[in-house]
Amino acid sequence: MARNANVYATKDLHELERELRAKDMARVARLYNKRGFWARLRLLLVLIGPGVLTMIADNDAGGVITYAQTGATYGIGFFIPSLIIAGFIAYVVQEMTVRLGAVTRRGHAEMIWGRYGAFWGWFSLIDLVVANVLTLVTEFIGIKIGMGVFGVPGWISETLALAIDVFALLVLRYYTWERIALWIAAGNLIFIPLMFMAKPHWSAVADAFVRWNVPGGFTASFLFIVLANFGTTIAPWMLFFQQSSVVDKGLTERDIRHGQLDTALGTLAMIVVACAIIVLTGTVMHGSHGMNLDISGILNLLGAKIGPVGERLFALGLVEAGLIAAIALTASTSWAMGEAFHWPKSINMPARLAWKFYVPGIASAVIAAGIVLIPHAPLGFLNMIVQVIASIFMPAALMFLMLLLNDREVMGDHVNRPWQNISGFAIIGLLVVLNGLYGLTVIFPNLF
Amino acid sequence: MKRKNHAIVDFAPKAPVSPTEPLPRAQVKGWVKAVFWGLRVYIAIMLVLVVIGLAKGSF
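Residue numbers (full-length UniProt numbering), protein chains in the order written: chain P, 1 to 448; chain A, 1 to 59.
Keep in mind the hints are simulated off the structure, nothing from the lab.
Quantities reported herein were computed from a predicted structural model and do not represent experimental measurements.
Idealized CB from N, CA, C, for every residue including glycine.
Mixed in with the good hints there might be a few duds.
Stated by the list, open to error - Reference listing, derived: stretches of chain P covered by chain A, where coverage requires no fewer than 3 residues with Cβ under 8 Å from a Cβ of chain A:
hint	stretch
1	61 to 70
2	101 to 111
3	142 to 149
4	429 to 439
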């Protein structure tokens, strides 16, 4: 009897989840029925969100540090053009999650679990959750270092970031949560004025596109930085996050074109910001000898080269990058767990009714913030493990995406077109080759 | 409001498999089966490389 009552309660919660989402869908439907330029613009602004949020959150604290180190080490020669290619890759991959989410109205974890069974479901879920927790650690490190520039003690900055993250997830409805996250994401653009403060040589930037060469030849460390840059541009959590966002927002087949535009805008913003960081550090740091290229060293050098305002703006950018990614990763963990275990899985749900959905995400953020505060925690090792897990998991995650996007039974007429399949499988091939080469350099360090 | 929302959701495009229905398990055969084997081999190779990397202290 008690079991029946529980089942009935869960059914009720799923019904409530659909009702709450229907309110957002009703607002979009009303906007579709209106005519005129302003109504169309309003519709676009309402539907924009998952793509921009995913792409900007991908320029996270770890990403900002990677781009800064890349510019400082290799200048702007190779990586500015390669980021354009990385942007194309990110768009191709993320656009598929829009179609998959809008057509099936189910998250990525639910699709893998439902279509390919518990083994691959568990494989994906464990990889995702472990990678999310470890990536969250890097976000909280970024926040701690960034706030440290303003003299804020680590425990205060971690507690504040955690409080904002948890408050947004627990208290707000999806649409408000998304809007607030988008405003925070706008802070990522801070790197663009910073780039201008460095007074870059635009002829050198243009030259990078004409003479696209590998600086210093093809070495193991170059391969590592290429992998780090690609790993920063496309990551497994992005697939899960954007698809779950699309589903929780209530987007349907009718909204796919807006979702594609949203993803394109997000890609553009992501690449412009990434290029700005590389141009910034490539201009003021590349060629300096004997410099310390950890993030504290980069902040100090920026302070010395473009002044304390530049250092503080970069620190603010680092805090913003960590915070927006923490918000996205926390939600991604909750959504994936909810989808895998068929719990109510919407940010619209009241916390007291859907606590199972909220607990995994919040627990992941608390654990990550706690690890950062442990004295002498092996943070560098943890960062490396994140990259290793992401390297192994990403081709697998992409393979599931490609299988699902070719599955006419669930996608109907929205299956991949030939160019999308060619691009998708080429991306998987590229990742497998890069990961394999990196693996070989681990065994044979003098291979290149 | 509740009834109105239901009406709007009903007019929304239909998913090939209704989101409220259980998802049918995919038939893994042909090229999809080959893909899964490729995935298993890739994961096994990468795990071996990770173990070697850890043993050699490369991380």
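Do the hints match the structure? See the list:
For the stretch 61 to 70 of chain P, the proposed coverage by chain A is not satisfied: 0 residues have a C-beta within less than 8 Å of a C-beta in that chain, short of the threshold of three. Counting residues of the stretch 101 to 111 of chain P whose CB lies closer than 8 Å to any CB of chain A gives 6, which reaches the minimum of 3, so the coverage claim holds. A count of 0 residues in the stretch 142 to 149 of chain P with a Cβ less than 8 Å from any Cβ of chain A is obtained; the coverage claim is therefore unmet, three being the minimum. With a threshold of 8 Å between beta carbons, the proposed coverage of the stretch 429 to 439 of chain P by chain A holds, since 4 of its residues qualify and at least three are required.
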